[in-house]
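Trainee: What follows is the residue order along each chain.
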Amino acid sequence: MKQAMTPEEIKEQKPYLDWSLSEDEYNYISDTLLGRLPNYTEAGLFAAMWSEHCSYKKSKPVLRLFPNKNDRVIQGPGEGAGVVDIDDGQAVVFKAESHNHPTTVEPYQGAATGVGGILRDIFSMGARPVASLDSLHFGELDDSTTRMKVDGTVRGIGDYGNCMGIPTIAGETTFDPCYQGNVLCNAMSVGLMDQKDIQQGKAAGVGNAVMYVGAKTGRDGIHGATFASADFSDENATQRSAVQVGNPFMEKLLLEACLELISKHPDWLVGIQDMGAAGIVSSSAEMAAEGKSGMDLDLDLVPQRETGMSAYEIMLSESQERMLLCVNKGHEDDVRKIFDFYDLDAVTIGRITAGHQYVLRHDGQVVCDIPVSSLTDDVLEEESTEHKPVRITVAEQEPVWRPKIDDPAATLRCLLAQSTIADKSSFYQQYDSQVRTSTVVGPGSDAGVLRVRGTHKGLAMTTDGNGRFVYLNPEVGGQMALVEAAANIVSSGAEPLAITDCLNYGDPNDPEIFWELHQSVKGMAAACRIFDTPVISGNVSLYNENNGQAIHPTPMVGMVGLVKNIDRVVPSFVQQAGDQVYLVGATRDDYAGSELQKMLTGKISGVVRPFDLDGVHTTMRHLLHAMENGHVASCHDLSEGGLGVALAETLFKTDRGMNLDLRNLTGAQLFSETPGRFVVTVQPDHVPAFEQDLGDAAQLVGTVTNAHWLEAHLADSDLNLSVGELQQIWEEAIPCQMKSKD
Amino acid sequence: MTNVRIFVTYKQSVFDPQGETIKDAIHTLGHDEVTAVKVGKFFDVTIDATGAAVDQSVKEIADQLLVNFNMETYHYQVLEEAE
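Same order as they appear, the protein sequences are chains B and X.
Following this note's numbering from start to finish, the first sequence increments by one per residue and tops out at 743.
Following this note's numbering from start to finish, the second sequence increments by one per residue and tops out at 195.
Just so you know, these hints were derived from the structure itself, not from any lab.
A hint or two may mislead.
Said to hold, decoys possible - What follows is a set of in silico ranges between Cβ atoms, one per label pair, in the way DEER data are often shown:
| id | chain 1 | residue 1 | chain 2 | residue 2 | range |
| --- | --- | --- | --- | --- | --- |
| 1 | B | K338 | X | H143 | 18 to 28 angstroms |
| 2 | B | G603 | X | D175 | 31 to 41 angstroms |
| 3 | B | D19 | X | L177 | 46 to 56 angstroms |
| 4 | B | L381 | X | H143 | 35 to 45 angstroms |
Claimed, not checked - Derived pair list, reagent style DSS-like, types lysine-lysine, alpha-carbon separation capped at 30 angstroms:
| id | chain 1 | residue 1 | chain 2 | residue 2 |
| --- | --- | --- | --- | --- |
| 5 | B | K197 | B | K265 |
| 6 | B | K523 | B | K599 |
| 7 | B | K338 | X | K123 |
| 8 | X | K135 | B | K217 |
| 9 | B | K338 | B | K217 |
| 10 | B | K425 | B | K458 |
| 11 | X | K171 | B | K742 |
| 12 | B | K338 | X | K135 |
| 13 | B | K253 | X | K171 |
| 14 | B | K330 | B | K265 |
| 15 | B | K15 | X | K135 |
| 16 | X | K153 | B | K253 |
| 17 | B | K740 | X | K153 |
| 18 | B | K740 | X | K171 |
| 19 | X | K150 | B | K253 |
| 20 | X | K153 | B | K217 |
| 21 | X | K150 | B | K217 |
| 22 | B | K293 | B | K405 |
| 23 | B | K217 | X | K123 |
| 24 | X | K171 | B | K217 |
| 25 | X | K135 | B | K742 |
Here a beta-carbon is modelled for each residue, glycine too, at the ideal position from N, C-alpha and C.
Isolated chain X (complex conformation):
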């Protein structure tokens, strides 16, 4: 078993209205030192595989479902490999 965290974020050049709005809200709290906010999401996925097979699974899941490649990109971390 492997626990994987997949991060999905907007591509560099894609406008993120939600992040902009949150940044403005942070400014109203007085935290003017915050200069940028980007919103993304992550998925914790438990996969019944190890090693290269995990990479393969993640790639396929991300490509086909989790990521909208018109606007988004992703990366992932292997959190732990259990027995």
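Bound conformation, chain B alone:
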């Protein structure tokens, strides 16, 4: 770094504009918060801490719509991750985070460090991470750059998780042209802990030590937080130095060292926080703010692997695998010994002070002396203007699109080869889903399920987000995101507990995009209330644009559910011949935003119609009741591709078939995507109990057979398909496209 600018030069030359700090914000900081001009280091810290990524200044008013409490929630948003009571003194800890921008630029390292970052959030709470999930959205596979990105991202997730020994047990991957220049990579981590071990990101107690532990600091990822809050354009190639490289083996050591400290020596530790976006500054300032303390740090003591780093670079570096601890005075050496054993640096870099000043020293000089709250709490919330997009008003006037399906067999074959529907095993086979040997249901099912060792409980988990519905109708699309996640959890026999989210949108300064954000959060919040699944953690990723083209608004829901009896986990594929097949939930003509529409017309259009949220919730409750009493043999929820695709999926990898009477459905309705529906099979002797639980919501449609054949009579046509043939189409679609040389 060259000679830093003077405060006056900063005022004149306005370098902060390049760091995404506005002139109004700069003036507010100078005039109101500090009463003087900030120096170079201070201006850099403000820019990072006041970025949307750290401060949520744009999205906060909207995020307040979410419910975040119920009887089970122990820790809601605001800490490293949310914590939920799962009885027996145990808790599940989970959070999802986006790493969209780094993954777009450098897929392998971007995805890997995304996984690494979210794992640190989990173990900074005192929990051991037990499972990873992901939600990936790419452009279409007919583009060679996209294929490279897919390959890099999947390898990055797999390598990091596999090296750490944490199974990746569920997730989703979808493809749409809107993600071509800006992929979405959302990583979720789930941890388990005893409630007594819960930690906070807090620094308090005058004289207590601020300790830096983990890997050394380099110049990697400077300004990652502000980078995440700026959109891409092709000329922006120089920004690309902001990519960090992860080292999972170091993270494994950090994990073990931190958990040893937390579980064996809780009296030494006051607080602990991951150094995530905006590195040392965000972790230390947030911990000081949480503890209502002052802090004095000497940056010369920070372990560094490069020479000549400026204060600004040290504070904003996003080097991976680092944590910040607040340690009770007198225990610094004890803590150091633990980390020494794991070959990790553990250095006291400062102390908690009386008052509320945030003081940084470097090369013998004070380089920053500002109130803690100015970085964390005084951020100017931004008023946003919003209005309904013209495209939605126009769509509301247009006639509803209704497909005419003469040959449903041919349509089903084509749908199964659509990249969003087709088999993803070529991706998830690269993930170790079995390590730790607690996996009951791995990838490829509705939800992943883990057993909680030493108990009879299990945890079900899923990630879901479908930007197409949200694009066409943000409010209803937001509801559908939650309903889809809940349907996946219930399908496996678990009760939905709570959710985390990643809100992926375009530039919120565009009033239409802000409207999408607001409406979709409103929809999600309403659904969260009805399903009693509060939002306990999450993150917001805005500015997902490429050359001015925004992605579809894509809120991702990560849901965790509780399986009360692990022996009653319900598989997603059919079991015995002779079992009765039920369709649960009513089917309407819902084609707007469907895979069928995308396939037949090449685009999505129309209005996604509202649906009966309460009704869907009641049906799911009844279904879960039947499952918990052992009346359900298999259950699969209906999503992309509707009933047709779901029926095929329940038969894949079995030797069975089905004989169905679907004469109240047309060929087109076979592919309608009405939310909140399930294909359920029931053993004959459980039929009366099942029908009593479900009532009118379940409609008997046929029988599981021993022929590997899908036979169905529809209102306007018949289906007669070899399951083996369908499975081959489904399995080969993605590997064939990935190998394409075009």
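Starting from the known structure of chain B, fit chain X onto it as the hints suggest.
Mentor: Coordinates of chain X only, in the frame set by chain B:
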């Protein structure tokens, strides 16, 4: 014909876990005098051209294929110019 050796290395500020691990392994051999290890790779390329045309070829190959400019940089040597 020209033989060219293209060296691809991490950029200055990019963390090199492999180099760090090798350095630790060297220390276990007792060579504490080794203070840093950086890992890179090189490509020996034979090009049917000479002079400025070689520079042009190398630049294009490196830009488009051999180097990941998010993390890496490169330099090259002309080893010999054959007939």
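Trainee: Given the hint that K523 of chain B pairs with K599 of chain B, test it: the Cα-Cα distance must not exceed 30 angstroms.
Mentor: Answer holds: K523 of chain B to K599 of chain B is near 26 angstroms, not above 30 angstroms.
Trainee: Take the C-alpha atoms of K740 of chain B and K171 of chain X, compute the straight-line distance between them, and say whether it is at most 30 angstroms.
Mentor: OK: K740 of chain B and K171 of chain X at ~28 angstroms, within 30 angstroms.
Trainee: Holds or violated: 35 to 45 angstroms for the Cβ distance of L381 of chain B and H143 of chain X?
Mentor: 55 angstroms, violated
Trainee: Are K425 of chain B and K458 of chain B close enough, with their CA atoms no more than 30 angstroms apart?
Mentor: With Cα atoms ~28 angstroms apart, K425 of chain B and K458 of chain B stay inside 30 angstroms; holds.
Trainee: Starting from K338 of chain B, check that the Cα of K135 of chain X is at most 30 angstroms away, please.
Mentor: Within the cut-off at roughly 22 angstroms; holds.
Trainee: If you draw a straight line from the CA of K135 of chain X to the CA of K742 of chain B, is it 30 angstroms or shorter?
Mentor: This hinted pair is violated, its Cα atoms lying about 40 angstroms apart.
Trainee: Given the range 18 to 28 angstroms, decide if the beta-carbon distance of K338 of chain B to H143 of chain X lies inside it.
Mentor: At roughly 27 angstroms between Cβ atoms, H143 of chain X and K338 of chain B fall inside 18 to 28 angstroms, so the hint holds.
Trainee: For the pair we were handed, K15 of chain B and K135 of chain X, check the Cα-Cα distance against 30 angstroms.
Mentor: 43 angstroms, violated
Trainee: K171 of chain X and K742 of chain B were given as a pair; does the straight-line alpha-carbon distance stay at or below 30 angstroms?
Mentor: Satisfied, since the Cα-Cα distance of roughly 24 angstroms is no more than 30 angstroms.
Trainee: Going straight from one Cα to the other, do K150 of chain X and K217 of chain B come out at no more than 30 angstroms?
Mentor: Between K150 of chain X and K217 of chain B the Cα gap is close to 16 angstroms, so the pair holds against 30 angstroms.
Trainee: I want to verify a distance hint. Is the separation of the beta carbons of G603 of chain B and D175 of chain X within 31 to 41 angstroms?
Mentor: 34 angstroms, holds
Trainee: For the pair supplied as a hint, K293 of chain B and K405 of chain B, confirm whether the alpha-carbon distance does not exceed 30 angstroms.
Mentor: 64 angstroms, violated
In the structure shown, a violation is registered for the earlier hints numbered 3, 4, 7, 13, 15, 22, 24 and 25, in ascending order.
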